[in-house]
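Enquirer: Chains as they are written, first to last, in the working numbering: chain U, 487 to 765; chain R, 487 to 765.
To be clear, the hints were calculated from the coordinates, so they are not data collected in a lab. If a hint is listed, it holds; no wrong ones were tucked in.
When chains are identical, the list treats them as one kind, so a pair holds in a single copy or across two.
In silico SDA-like pairs for lysine to any residue, Cα to Cα no more than 20 Å straight-line:
no., residue 1, residue 2
1, Lys598, Cys575
2, Lys677, Gly588
3, Lys598, Tyr508
4, Lys617, Gln600
5, Lys524, Ala494
6, Lys598, Gln614
7, Lys598, Thr653
8, Lys491, Ser525
9, Lys598, Ser684
10, Lys617, Pro681
There are 2 protein chains.
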Amino acid sequence: MEKWKRSARMVDMTQRLLDHPYTLLPLTTFAKRYQAAKSSISEDLAIINEVLANDGSGMIETVAGAAGGVRYIPFYKEERVETVLDEICEELSNPVRILPGGFLYMSDLLGKPQLMRRIGKVWATVFQGQKIDAIVTVETKGIPLAHAAASFLQVPVVIVRYDTRVTEGSVVTVNTVSGSSRRMKQLSLAKRSLPEGSRVVIIDDFMRAGGTVKGMQELLKEFDAEVVGVGVLADAKSEVRLVRDYVSLVSVLEINEEAKTIVVDRGNALLKEEVEMPK
Amino acid sequence: MEKWKRSARMVDMTQRLLDHPYTLLPLTTFAKRYQAAKSSISEDLAIINEVLANDGSGMIETVAGAAGGVRYIPFYKEERVETVLDEICEELSNPVRILPGGFLYMSDLLGKPQLMRRIGKVWATVFQGQKIDAIVTVETKGIPLAHAAASFLQVPVVIVRYDTRVTEGSVVTVNTVSGSSRRMKQLSLAKRSLPEGSRVVIIDDFMRAGGTVKGMQELLKEFDAEVVGVGVLADAKSEVRLVRDYVSLVSVLEINEEAKTIVVDRGNALLKEEVEMPK
Numbered sequence: 487m488e489k490w491k492r493s494a495r496m497v498d499m500t501q502r503l504l505d506h507p508y509t510l511l512p513l514t515t516f517a518k519r520y521q522a523a524k525s526s527i528s529e530d531l532a533i534i535n536e537v538l539a540n541d542g543s544g545m546i547e548t549v550a551g552a553a554g555g556v557r558y559i560p561f562y563k564e565e566r567v568e569t570v571l572d573e574i575c576e577e578l579s580n581p582v583r584i585l586p587g588g589f590l591y592m593s594d595l596l597g598k599p600q601l602m603r604r605i606g607k608v609w610a611t612v613f614q615g616q617k618i619d620a621i622v623t624v625e626t627k628g629i630p631l632a633h634a635a636a637s638f639l640q641v642p643v644v645i646v647r648y649d650t651r652v653t654e655g656s657v658v659t660v661n662t663v664s665g666s667s668r669r670m671k672q673l674s675l676a677k678r679s680l681p682e683g684s685r686v687v688i689i690d691d692f693m694r695a696g697g698t699v700k701g702m703q704e705l706l707k708e709f710d711a712e713v714v715g716v717g718v719l720a721d722a723k724s725e726v727r728l729v730r731d732y733v734s735l736v737s738v739l740e741i742n743e744e745a746k747t748i749v750v751d752r753g754n755a756l757l758k759e760e761v762e763m764p765k
Numbered sequence: 487m488e489k490w491k492r493s494a495r496m497v498d499m500t501q502r503l504l505d506h507p508y509t510l511l512p513l514t515t516f517a518k519r520y521q522a523a524k525s526s527i528s529e530d531l532a533i534i535n536e537v538l539a540n541d542g543s544g545m546i547e548t549v550a551g552a553a554g555g556v557r558y559i560p561f562y563k564e565e566r567v568e569t570v571l572d573e574i575c576e577e578l579s580n581p582v583r584i585l586p587g588g589f590l591y592m593s594d595l596l597g598k599p600q601l602m603r604r605i606g607k608v609w610a611t612v613f614q615g616q617k618i619d620a621i622v623t624v625e626t627k628g629i630p631l632a633h634a635a636a637s638f639l640q641v642p643v644v645i646v647r648y649d650t651r652v653t654e655g656s657v658v659t660v661n662t663v664s665g666s667s668r669r670m671k672q673l674s675l676a677k678r679s680l681p682e683g684s685r686v687v688i689i690d691d692f693m694r695a696g697g698t699v700k701g702m703q704e705l706l707k708e709f710d711a712e713v714v715g716v717g718v719l720a721d722a723k724s725e726v727r728l729v730r731d732y733v734s735l736v737s738v739l740e741i742n743e744e745a746k747t748i749v750v751d752r753g754n755a756l757l758k759e760e761v762e763m764p765k
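Input sequences plus hints: build the corresponding full structure.
Expert: And the structure:
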């Protein structure tokens, strides 16, 4: 292929853009690669943008100027966010998920790569426009969610650990009290994993009282980090609530072990006021 | 959009195919969606396939028959696999990674979502053609690698844990001895996380003697699972080697704490004989 046909060009450009969200690609790179005029490339990009808009799955942003170019901003329109939230609600409402003690089994959900991709795009929608340097999560179940979000927001993932390993180097450790079980926990983060003064989003799988997230906020203070958002896949009712300003995709309202029923509803993710809710 | 222009159709089809690797999409679905003849759709698919082939990043496979359709098979041509391996070698050779005791810091690498996507596609290349039901990994650092692979191979991820949590339900636990440190470890897997008789690939970040992988193999026997492949991001020299049949992307040959040098080379991933190496 020397001079590309338009149809082939469309495929290649689409692939390149979708593979590199939030990455500025100069028009000249495309023009050279396809041996095409910049005006043709611009027309192509307009078509890609139109298809994404119709699909409700993102947009192509044009950045003007000498250092300009185009970049793919991934997000879902509200209707598609709702579809993903409802899918999670339906999955989590399945009574086979009830474990002895009224706990909820959700490891299988977090193991589904396609669902994780969709949820990652929902997070990219929720935190779009924030200037984020990193996503912070805690082992173990938050990791797939954090990575899914990071792959769309194009930022690194930093993992807080419950234990300290020799392969992490120097770590900063805080002690935190779980709000629901009143147990002490240690949270550690490798010193070299996060530059001082970073703007971060915390992502985790489940929040009851919020003790773990609260502990992560404390730990992140030691790194002079600014927590610009907190997102959890699911929250649950709790008498104590240590964290007020967070986004949940779904809310587990009731788990009835005897009646074998689980009630799950959409969380606060779509109520934008909630997201900006003052402490 | 009612009847789609070809250029818009190319964008939409590309997006749909790339978003759903290994998923059979019937031609009729495309024909209906775009109000186009099946013959036109077939031509479009041939173009997409050609672009992927030129890019060395996968193919569109046609499945004939009534239940037929097309699906995207993601893989890299050898040259692109080499590029990814060399990128990892270069990253890991950086002497700032040396930790006290001669350990290697690599958590930051595992936190890079774009690199994880590329490595995931390398795993999809290595294990292409295997009939896999699930990818099994062990917390914590194997998780991003396992999810990256799973998103291209379109299979669920199952996570072996060092501790047992109430949110996992009944678990099966084995005791295993770390080959290098001779420490005892417990490995647990939730009973409901893996159906009996599954064909699985084990993915982990680092292997020295292979005690953890060996333990996972023992654990998986309890699930009647067949381990059809083992892949590690990096292996290192070890006097003891408990696992012989595995694929490594890179090999850490030497870490010299005094001289502050690390020697890393490509692993055995490209030596196909090694992959099929008899025990």
